[in-house]
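**Student:** Read off the chains here:
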Amino acid sequence: MKHTYLTGVIAAGVVVLVLGSPVAAHHSFAVFDHTQTFNVTGTVTRFQWTNPHGFLEIDYRAGDETTKHYTIELTSINMLTRAGWTSRSVKFGDVITAMVAPLLSGEPGGLLLELKFADGRKLEAPVPAPGTFKRTPEQELK
Amino acid sequence: MTTPANRVITALVAAALTCATALTAIVEAQTRTAPAAANITAAWERIGPGALSSSQGAATLRVQLPPAASPPPLKAQFLKEWQARQQAAREATSKGQPLGINWVNCLPDGMPGMMAGPFPMEVLQTPGQVTIIQESFTQVRRILLDRPAKSAGDVDPSFYGHSIGRWEGDTLVVETVGIKEQVQYQNVPHSDQMRIKERIHLVQPDVLWDEITVEDPVTLEKPWAFGFAYRRMQDYTLLEYICEDNREYIDEQGRQRMRLQSPSQK
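These protein sequence lines map, in sequence, to chains A and B. Residue numbering for the first sequence follows my numbering, beginning at 1 and increasing consecutively. Residue numbering for the second sequence follows my numbering, beginning at 1001 and increasing consecutively.
Please keep in mind that the hints were generated in silico from the structure rather than gathered at the bench. Hints should not be assumed to be uniformly reliable.
[Claimed, not checked] DSSO-like mimics (lysine-lysine), calculated; alpha carbons at most 30 Å apart, straight line:
| id | chain 1 | residue 1 | chain 2 | residue 2 |
| --- | --- | --- | --- | --- |
| 1 | A | 142 | B | 1095 |
| 2 | B | 1095 | A | 68 |
| 3 | A | 134 | B | 1095 |
[What the hints assert, rightly or not] Ranges of calculated distance between the beta carbons of each label pair, as one might list FRET restraints:
| id | chain 1 | residue 1 | chain 2 | residue 2 | range |
| --- | --- | --- | --- | --- | --- |
| 4 | A | 106 | B | 1168 | 54 to 64 Å |
| 5 | A | 92 | B | 1223 | 54 to 64 Å |
| 6 | B | 1062 | A | 94 | 20 to 30 Å |
| 7 | B | 1158 | A | 120 | 20 to 30 Å |
| 8 | A | 117 | B | 1170 | 43 to 53 Å |
| 9 | A | 88 | B | 1237 | 13 to 23 Å |
| 10 | B | 1191 | A | 120 | 57 to 67 Å |
| 11 | A | 61 | B | 1158 | 49 to 59 Å |
[To be verified] Looking from chain A toward chain B, a few residues come up when the C-beta cut is under 7 Å (computed):
| id | residue |
| --- | --- |
| 12 | 27 |
| 13 | 30 |
| 14 | 31 |
| 15 | 50 |
| 16 | 65 |
| 17 | 67 |
| 18 | 71 |
| 19 | 78 |
| 20 | 81 |
| 21 | 84 |
| 22 | 123 |
No experiment lies behind these values; they were computed from the predicted model shown. Note that the Cβ used here is the ideal one computed from N, Cα and C, for glycine as well.
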């Protein structure tokens, strides 16, 4: 009997691994590129602790030496809380490097996968099915 | 010798005995009908395939899972439409232009979708009622215990419907009618005749099952059965969930879109 349970559990685990989690958020994450990520380093202009999603707004120095704005979507703050984040995890003026899955629309925004602070601290973003996003950490947003 | 005083005493004793017998009968009746309810008052988190917590839930706990959902046994004309809709949704998603669903507009799942999670839920048992709160969208359903069942025609349609429950031993048996037609679990169409039957019970001290059977004489060939498993969460207090700043919307083509700027910043 025990063996049957275990087999069932393992089989269930395999199904989850193969199919990935179904949509488990306020909206589909299919609007974000799952084939590449960008690192964007900038200064936080707003850390918005709201549902259905949190947001991190940053200004960064683009390749053409101009300051550009980038909008970073987070998951719901409920998921962030369960992952250890608080409304004070990021502050106005913090210099951060965000690893984002960019919007497929090409607009200046993306989904946060990982956050790194200037002192080296890291915060993982609790996105559903994180393994479905291919990370390309060598790419910097210009 | 029978004196008037003796007669009074006899009458009083007889009255007292009658009262005692009646009281005993009431107490016995209450004991008989008192439900052997299981204590399921707790915070619960869905586990198993499809659960947000599946990676750390079922695998760690080695729990029994209810039978997986089969495709809905829809009648031919409804099945064709449903399959076309699912195919369109898959194609749109693969193009990065997912179709909008109720969630995009911050509308809650309703029944039976809210029992699928995705966030923790709280079960509260109070006299005459079991209340289930799903953290996402702060969804609340009330199961009224030991009341007469109602037919769909007797209630106004709503997201959570009208739920009547009773304890059969340690299983909470619930029937729900009156779900709005646009409140659809997995896009499966239903009529106002839909009835959702549930058997909610513990399979292990800290694992709860909700076995669901959906009946609909208009859209379904036969009942559609599926179930969800949940793990008991120790020391978890549900968080609030308010759609305070929704930057998503559904465009004219029915696709999910996102505004970069918060509507509140405009």
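**Student:** Next step is simple, just say for each hint if it's right about the structure.
**Tutor:** Do the hints match the structure? See the list:
1. A:142 x B:1095: Answer holds: residue 142 (chain A) to residue 1095 (chain B) is near 25 Å, not above 30 Å.
2. B:1095 x A:68: Distance ~28 Å between residue 1095 (chain B) and residue 68 (chain A) Cα, so the pair holds.
3. A:134 x B:1095: holds, 17 Å
4. A:106 x B:1168: 54 to 64 Å: Hint holds: Cβ distance 57 Å, inside 54 to 64 Å.
5. A:92 x B:1223: 54 to 64 Å: holds, 55 Å
6. B:1062 x A:94: 20 to 30 Å: At roughly 42 Å between Cβ atoms, residue 94 (chain A) and residue 1062 (chain B) fall outside 20 to 30 Å, so the hint is violated.
7. B:1158 x A:120: 20 to 30 Å: violated, 52 Å
8. A:117 x B:1170: 43 to 53 Å: holds, 51 Å
9. A:88 x B:1237: 13 to 23 Å: holds, 19 Å
10. B:1191 x A:120: 57 to 67 Å: holds, 59 Å
11. A:61 x B:1158: 49 to 59 Å: Holds: the Cβ-Cβ distance is about 53 Å, inside 49 to 59 Å.
12. 27: The hint holds - residue 27 (chain A) has a Cβ within 7 Å of chain B, the shortest such distance being about 5 Å.
13. 30: Residue 30 (chain A) check passes; min Cβ-Cβ to chain B is 4 Å, inside 7 Å.
14. 31: OK, holds: residue 31 (chain A) within 7 Å of chain B, min 6 Å.
15. 50: Holds. Min distance 4 Å.
16. 65: With a closest approach of 23 Å, the residue 65 (chain A) hint is violated.
17. 67: Since the shortest Cβ distance to chain B is 16 Å, the answer is violated.
18. 71: holds, 5 Å
19. 78: holds, 5 Å
20. 81: Because about 6 Å separates residue 81 (chain A) from the closest Cβ in chain B, which is inside the 7 Å limit, the hint holds.
21. 84: violated, 14 Å
22. 123: violated, 18 Å
Hint compliance for this structure: hints 6, 7, 16, 17, 21 and 22 are not met, and every other hint is.
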